[in-house]
Every structure is written in C-alpha cells, then in structure tokens.
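These protein sequences, in sequence, are chains A and B.
What the first sequence shows, in the working numbering, is residues 1 to 194, in sequence order.
What the second sequence shows, in the working numbering, is residues 1001 to 1209, in sequence order.
Keep in mind that the hints are not guaranteed to be accurate.
[Claimed, not checked] Label pairs and their computed distance ranges (CB to CB): (1) A:Ser131 <-> B:Ile1089: 46 to 52 Å; (2) A:Gln71 <-> B:Ala1200: 29 to 35 Å; (3) A:Ser8 <-> B:Thr1100: 26 to 32 Å; (4) A:Ile80 <-> B:Leu1066: 16 to 22 Å; (5) B:Leu1066 <-> A:Lys168: 38 to 44 Å; (6) B:Lys1010 <-> A:Ile133: 52 to 58 Å.
[As the list claims (entries may be wrong)] Only pairs whose alpha carbons sit at most 20 Å apart, straight line, appear in this in silico SDA-like list of lysine to any residue: (7) B:Lys1095 <-> A:Ile72; (8) A:Lys165 <-> B:Gly1166; (9) A:Lys168 <-> B:Lys1095; (10) A:Lys168 <-> B:Thr1197; (11) B:Lys1095 <-> B:Glu1043; (12) B:Lys1132 <-> B:Glu1043; (13) A:Lys165 <-> B:Thr1199; (14) A:Lys168 <-> B:Ala1201; (15) A:Lys168 <-> A:Ile179; (16) B:Lys1095 <-> A:Gly69; (17) B:Lys1095 <-> A:Lys165; (18) B:Lys1095 <-> A:Val127; (19) A:Lys168 <-> B:Ala1200; (20) A:Lys165 <-> B:Gly1191.
Hint data in this document are derived by calculation from the structure and do not stem from the laboratory.
Ideal placement from N, C-alpha and C gives every residue a C-beta, glycine not left out.
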Amino acid sequence: MGETSLLSIFITALLIQNVALYYLLGMCPFVALSRSLTTAFGMGAAVIFVVTLTSSANWVIYQILEATGSQIIQYIVFIIVIAACVQLVEMIMERFFPALQASFGIFLPLITVNCTVLFISLKATTVDNLSYIQTVVYSISAAIGFWLAMIMVAAIYEKLDLIGKVPKGLQGPGIIMIITGIIALAFMGFSGMV
Amino acid sequence: MNLKEIFGKKGAKVIKNGVWREHPISSATLGICSALAISNKVENAIAMSAGVIFVLIITAIIISVLRKIIPSRVRIIIYMITIAAGVTIVDLVLKAYFPTISEAMGPYVPLIITNCMIMGRAEAFFVQNPPKLSLIDALANGLAYTYTLMAIAIFREIFAFGTLLGVRVTPSGWVDWVVLAAPAGAFFVLGVFLWITRTAAGVEPPKSS
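Could you put together the complete structure from these sequences and hints?
Structure, rendered in structure tokens:
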C-alpha cells in the first residue's frame, strides 16, 4: 500500500479497493444473501466481527511462523484459525442472540469459506506486511466495505423485486451480478481519492 | 462412442449432471469469486482451472477413501485441511515453474481454499460415494468450471485488450473496451453468461424471499 497513514488505509480499503467490488471476493454469500436487506445486514455485521478477530489472530500467528521459518503451512494454519473463530461466534450467538442465529441458518458456518476472511488475513501479512495496528484498521475497514456493498445490492434487489419485471433466466444470481456491476462501476469513481 | 459404455450407467449420469445440469458456476453459483477475479486473461484462467481441477481430484480421492472413518462433527475442518494442503502444493509448483503467472494471480491462488465449489462437492458428493464415482464427478465438475472460465476469459481478453493469449487478434483500428478489464466488466459478463446458460438449461428461478 505504500502509504502508512491509517486514514488512507481506511479509505482505500473501504471505497477504492473494496473487497467485494474491486477484488471480487466473497461472492457466494453475496449472491445467496443479497435477496433480503435484513439478512444482508446481519450477515455483513457477522463478517465484520469475524474478519477483525481472525486477521488480528492470524497476524500474531504469522509472525511466529515467520520467526520459525515455517511459512509453508501458513494456509492450513490460517484456515484452522478462521474455522475456530467462526465456531466461537456461532456458539456465542446461539447463547445470546438465538433469533439472529436462526435467520442466518446455514450461512454462518459458510463464513469459513467466505474468501474475504482468508483474503484479508493473507493481504495484511504476506502481501502488504502491515504492522499490527494497520492490520486491525485495514481489516475493520475492508469488512465494513464488504458490508456496505452487500446492503447496497440487497436494497436495490428488494426494490427491483417489487416493481421490475426481470427476464426469467436472469432472475436470482444473474440480476445480482448486473446490479453489483453497476455499483462497481460507480465505485470506480473513488479511485482518485488517495 | 457412448458415455454409458465407458463409465457405466451411474458414471454417465454423474458426468451429465456435473457438466451441464448441476453446472457448478451457473446453477449453484458457487466458486464464482475466482471466476470473476481471474478471468481477464486467458493465461490466468488456464492456470486457475488447472489448479482447481488438481485440488478437486486430490480432495475427491482423500475424502472418498476416508469417508467411512471421518466423524461427521469434524468433517468440515477435515475438508478444509485436505483442500488447504492441495492448494499449498499448487502454490509452490506455480511459484517454482511459472513465476510470472504466480505473480499475476497473487493472492488468488491461496483463495482456491475458499472456493465454495470444492467444499460443496466434498459435502454433497465425495463424502457419500466411492472413490471411482467421486473421481468422475471431480473431473466433470472441473471440466464445467474450466469451460465457464474459458468462455468468460476469452471474451474479456479479446474485447478488453484486443489479444488472445497475448497475441494480437483484432484489426489495427480497434479500440479496447476498458470497462471489461475493470472489475465491473466481470460482473456484467458473468451476469449475461448466467442469463444465457440458465435459460438454455431451463433452470427454474429461485423463489424470492
């Protein structure tokens, strides 16, 4: 990233290099959950929490792996940490927010295979070599960016469902792709900001 | 030649489902992250497909051989470890023999781990079926993944850069469609691709919630 200022990391991760719209990641839950604004909202919030937790844990683990020269197993270790964190979030939610948990259904365990989570951990450590504070700021802002993209698409999809007549083959994932494309086009306008 | 003669009745059905009816990208909309991200150059798409097929095959063999002794409570984590190990091999091979492609694909190689398609096949097929059928299923799904990625990548590379595998194919007055090289273009192309394949395969639209 070159720039070290936390504000520029925030703006870059949130708007310019948005994980969903610039890196095209996390599309599985994106397509599946963008059909309802409330679900998209809750799922996005869960992603923010999980991403922050996992990438700060993975940053520490990566330093240990690097010190001992065993980066070769980093993918396996990262994915196990992510799976464990998701399990933890699931247990906490089951205990304290059962209604929210019921509405996520199958999709909460699927955060484990949400590319965004692994990508942010990898980008903070191997690609950009961020410091600890930068990692935390980067992962929070990238996750908020994902949440933002997701609720924007869900809101448009809900309105479209009420008024529009979408061709049969384009319904569902097809039209979500087109909506996301238009939003991604609009987000390209932010590219000169930092 | 008849598919049924070579692979048996069950095998032929698995192939037909994998390649067309249950097409992993268009019907189940799994594994599209990589389809979008890596499809702006044909070269990258080939490397990505090869990697995914390799990991699918490894996962198919290991999971279907171990299917009777994997406890169902921890099965997801076992899939993940198997897939992550396969991806580590792919990543190291790419780094050693194809450094330029490895550079271009960057963090998208490790992201094969979270390609939902592989997890999806492991959960839906490999864990319930013997190794031979699982292997056929892995190949059929890998093939479907490859042709989708190729179709999108060929279209995007020709229109966005005017080249195919780095060789110029368009006439001299050609103006590149810059938007197709940008992420937004990937969404549009995949949206239209889904539209065409879902109409052709007659997939019922999902019920809106």
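Here is what the structure says about each hint:
no., hint, verdict
1, A:Ser131 <-> B:Ile1089: 46 to 52 Å, "31 Å, violated"
2, A:Gln71 <-> B:Ala1200: 29 to 35 Å, "45 Å, violated"
3, A:Ser8 <-> B:Thr1100: 26 to 32 Å, "30 Å, holds"
4, A:Ile80 <-> B:Leu1066: 16 to 22 Å, "18 Å, holds"
5, B:Leu1066 <-> A:Lys168: 38 to 44 Å, "42 Å, holds"
6, B:Lys1010 <-> A:Ile133: 52 to 58 Å, "56 Å, holds"
7, B:Lys1095 <-> A:Ile72, "12 Å, holds"
8, A:Lys165 <-> B:Gly1166, "41 Å, violated"
9, A:Lys168 <-> B:Lys1095, "44 Å, violated"
10, A:Lys168 <-> B:Thr1197, "12 Å, holds"
11, B:Lys1095 <-> B:Glu1043, "15 Å, holds"
12, B:Lys1132 <-> B:Glu1043, "31 Å, violated"
13, A:Lys165 <-> B:Thr1199, "16 Å, holds"
14, A:Lys168 <-> B:Ala1201, "12 Å, holds"
15, A:Lys168 <-> A:Ile179, "16 Å, holds"
16, B:Lys1095 <-> A:Gly69, "18 Å, holds"
17, B:Lys1095 <-> A:Lys165, "48 Å, violated"
18, B:Lys1095 <-> A:Val127, "15 Å, holds"
19, A:Lys168 <-> B:Ala1200, "11 Å, holds"
20, A:Lys165 <-> B:Gly1191, "16 Å, holds"
Hint check: violations occur at hints 1, 2, 8, 9, 12, 17; the rest are consistent with the structure.
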